[in-house]
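K.L.:
Fit chain B to the known structure of chain A by using the hints.
Protein chains in written order, with the working numbering: chain A, 1018 to 1592; chain B, 170 to 566.
No wet-lab data here; the hints were simulated from the structure.
Computed from a prediction, not measured in an experiment: that's the story for all the values here.
All clues given are correct.
In silico SDA-like links for lysine to any residue, alpha-carbon gap of 25 Å or less: (1) Lys403/B x Ala1397/A; (2) Lys232/B x Asp1365/A; (3) Lys330/B x Thr1238/A; (4) Lys1209/A x Leu1534/A.
Here's a subset of chain B near chain A, in silico, CB distances under 8 Å, partners left out: (5) Trp358; (6) Thr413; (7) Ser432; (8) Thr433.
These stretches of chain A come out as covered by chain B in the derived footprint (C-beta under 8 Å, 3 or more residues): (9) 1169-1178; (10) 1232-1246; (11) 1308-1317; (12) 1367-1375.
C-beta atoms are modelled at their ideal positions from N, C-alpha and C, and glycine is treated no differently.
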Amino acid sequence: MTRQPTRRNWGAYLGLGCGVLGLLTVCLVIAGLYLMGSRNPSVVQRPTPAPNPVSVLRIAYSPDKEALFTDLVARFNALGLTTDDGQQLRLDAVRMDSEAMVKAAVAGELQAVSPDSSIWLDQIERSARPAQATPESGSLTGQTKGALVGETRRYATSPVVLAMWEPVAKSMGYPDKAIGWDDLLKRAQSDKNFKWSHPSTTSASGLLATLAEFYAGAGKTRGLTEADTQSKAVLDYVTAIEKTVRYYGEGELAVIERARREGPSFLDAFVVQEQLVVTFNQQQKGAPGRLVAVYPREGTLWVDHPLALLEQPGLTPGQRQTFSRFRDFLLEKSIQQRILQAGYRPADLNVRLDEAGSLISATYGADPRQPQTALQIPPATVLDAVRAGWLTAKRRTNVILVVDTSGSMSGQKLNNVKDALAEFLRQVPSQEERVGLIEFGSGIKSEIQLAPLSQNRPRLENSIRSMAANGETAMIDAVRQAHARLQATGDTERINAIVVMTDGLENRSRTTLNQLLTEFKSSNNKAPVVVFCIAYGNDADIPKLEQISAATGGLTRRGTLETIRDLYKILSTYF
Amino acid sequence: MNRTRIIFFGVVLLALIIVGVSLATRQFQQGSASIPQPQAPRVVEVRVVTALPVEPWVQEAAKTFNASPDAKIENSQIKVTIIPMDGLTAMGQFERGEFNPTPTAWIPDSRYLVELSNATFKEKFGRDVFLTDGEYRARPIATSLFSWGIYDSRAKVLRKKYGTIDWKVIHDAAIAKGGWPELGGDPQWGYFKLVVPNPRRNVGGLQAMVAAAGEYYSKTDISVADVTNPEFQKWLEELMGAVTDFSSLGSYTAENIALFGYSTGDGGQLLESDLLVNMQGIQTRWADPLNIVYPKYLTWFDFPFTTWVGPETTALEKNAALEFQRYLLRPEVQAKAISRGLRPANTTVEIPNDSLFIKWQSQGATTIVPRTTAMRSPSRDVLLALLRFYDLRVARR
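Chain A on its own, in the form it takes in the complex (with noise of 0.2 Å):
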C-alpha cells in the first residue's frame, strides 16, 4: 500500500523546499562574496610580476658620424642596462642637421643632443632665451637662469681640414709648403678649371669655410666684428670668391660619397672634417684616388662632437640617469679606441693617436701634429654677421623646377609633390635668387620664367596650387625647354641648375636623349647648366635620369611618397 499526498502535506514539501533553496541561495552568496572578496587586489597584495618601465632619451645626432653615432647607441642599447629601480635605459637616436636639431631642442622634442660642434650648442641657448642672450647684469650667477644646455662632454674630435686630392695638393706644394686658405682662394680665381665647394652654414665645416673667407677679406686672424662683416671691401672679396664655388650641397657626406663615385672630375677641393679624408682613404679599395687632408696655414676650426643634456622641464631622473650612463659608456677605453678606429681623434688622451688601428696618420693622409693653429671663434653676434653676410655675398642660382603632372601622378603622389615645392621655395635661403618652373605632361603644360623669388613667389606658388594630373610624359622635351631658357640667360656669374622629378618612362618627347645629351655636351662649356633628377616611385626611368644628370655633374635621387618632401628640402641646399 502506498501513501498517497494529501493537500497538509503538499504544503509541507512545498515550504522545506522553499526553506531548503532560500538556505542554499545565500550560501552561495556569502560564499561567492568571501571568494570575490579575496581576488579584490585591495585586500590581499600578493605581489604580480609587471613589466620593467624604461627609461627612453631622445637624442638628436649630426649626419656626418652617422655610422659610428648609430654603432655605439645599439651597442648602448644592446647592454640592457637598468636604473637603481629597474627601468630600463634606453636611447632613441634621431639623425638631424643644425638647424632642424636647434628648433627640435628649444621646442622640448629632444633631451640631448650631439651636434657637429659646440657652436650649436650656443645657438640652442640663445633661441631657447633671446631675452636672455647675456648673464642678469649685476649678477655673479655664471649662467643665465635655467639654462637649457645642461651637462656637457666630448667624446670625439676632428679638425676642419681642405680635402684634396693628392696630385692637387702636390701641384700647390704639398707636403713642403703649408698652403692656406689664401692660396685655395688665389687658385679658383686663377684657374677656371679648378673646382671647390663648401658646404652651407648649418655645418660646422661651412661656417669655418664661410669664417675663413671673411677673416681673409679682412685681412685678420682673429678679431673679426660685426663691422668687418658689413664692410663692402669684405663682401665684395667674399662673394668674389663665392662665385667660384662649384655649388653648396646638403653636408660633408654627401660630398664625399659623390668624390667616392665621381673622383677627381667631381671637384679638386673640398671642405670637411678630417675624419671623413681618413674613412675615405682606409676604404680605398675602387676608389679613384687619394685624399689629403690640408690644415689651412691661417688656421683651422675644430668639431668637437659634444654630448649634451638637455634640461627640459620634466626631464625625468631615468632620463638624467640614462644621460650619464651613456656619457660614461663613451668615455669607456674600448668605445675611445672604436672612436679612434672610425677616423676620430678621441676625447681620452691615453688613446694614443698612432697605436694598432689608428686612422690618425700619413697612411690615411693626415697628420696627428696638426693643427699648428686655429681661427678664433668670434662671439655668436659676429657669426650670426658671417651667416647673413654669406647670404649677401653667396654665388646666386638661376634655377628651373621642371615637373611631370603626367596622369599617372594623380591623387597623392600630385598633392605630396605640390608640399615638397612649396618646401623647396621656403628654404631657398635668398629672395635673390632666380627660380622658374615648366610643368609637363604629353608637352609643356605651364611655364612660369625664371626671375627673381621677390618677384615671382606669388606666381610659382599659384602654378603650384593649381597643378592637375594628366596625359602622358614628355620628359625629355620639358628638360630641353629648361636647359635652353638657362642658356638664353647667358649668365656665367650664377648657379645655373634644372631640378626635375618625373615618375614614369619617357613616352612622348619628340627630341631623343642622345640629341639631349648632345646640346648639353656642345653648350655646357658657355653656362653650364647642372641637372638634378628626381625618380618618384617605383616606375621612374632610372638609367636614363642618371644619365641625363651625369651628363651635367648633378645627381640623381630616388623619392617615395613619404621622402619627396625631404628631397626637395635637401636640394635646395645646393642653391
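P.N.:
Chain B alone, transformed into the frame defined by chain A:
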C-alpha cells in the same frame, strides 16, 4: 529517517561545505599575503654640489664611501650623491633657490664663494646658510693653485725674447701684430693664443683676471677703482684679445688645452692640478710637453667642504654629510687626491715620491711652492666689476 529529512540534511550539509571551503580559501590567501617582508634599511641621502677640479676625486671617494661600512649613521645607510658644478654657477643656483631638493653640502672652488653666498643670504634673510665656525664649519678638503702652463716649444721662444714668463710678457706676446714670427717663433704657429676660461662659466676665468690685475699693479689687494681704471681695462682687453675661443665648453679649460693642443692655446694660467693630470696626455698627443711656471702672485683654491645649515635639510642629513667630510680627510683618501694632482688638506699627509709633482719636476712642477705672494680674496664688487668688463669689452668684441 524519511526521504524528505535526508534531502533536507543533505542540502544543509552541502551549504556548510560551501561556506567552509570559502572560509578556508580566504584564510589561505590572507595567510600567504601576510608573510612578513624584510624591511629595507633607512637611507639618508647626502647631496654634495662639487667644484669641477675636485669632482673626479670626490666622485670616486663617494663610490667607495657608499660601499664601505663607514657609510652608516644612527642605523641608517648614508648614500652620497655628487652634483658636479662650477663654483659660480652653484652660487647662483643657491641664491636663486633653484636647487630642488636643497643640497646637503657644497664644495666650491674657494672659501670666498662661501663668504659671498653668506653675505647674500644675510642681506636677504638675516642669517648665514653656510657656517664658517663650529662643528659644521667649512673645512678645506684639498688645495691647488694657479700656475702657468705653456707648451715647451713656445715657452723657449718667450724665455729667449723676454727672459721670463708673466702676465706682462703674455700681454706683449698677445699684442704682437706679426704673431709668433715677430716673437721669434715658427710662422706656422700663427698668432699668440692665450687660454683663459670663460669667467661666466668657470670661476678660474675670474681668478685669471684678478691675478693679472695683481701683477699689473704689483699688489695683492685689488679694489674696484683698480679694475675700472681705463688704462688697466685697455691693457686687459688687449690681453684677452688673444683668447681663441670663449664660446665652447668653457668649464674644462685644461682639458681643452690638452685636447686641441697648441692649435687653440699656446698657454695660460690654469689650476695646477688640472695641468698635472693632463701632462701625460698632452705629451702623448702633441709630442710637445707643457712647462709649468709658478707666478709671483699666487692664487689658491682650497675647496672647502661646506654644510648647508638651513632648515631645508635634517640634522641627520647634516651629520651624515660630516661623516663624508671626515672620510675625505682620511690619509688614504687624501692620497687619492694627490694622485690627481691636488695638494692634501690633511697636514699629516705628505706628497709621496711617485706623485705627479715629482714625475713632472723636469717640466717645472714642484712640491714646495717658491716663496711668492698670495693674492687676497677679491670682494664681490671687484668680481662684479670684472664681469661687467668681460661682458661689455671681451664677450662682445
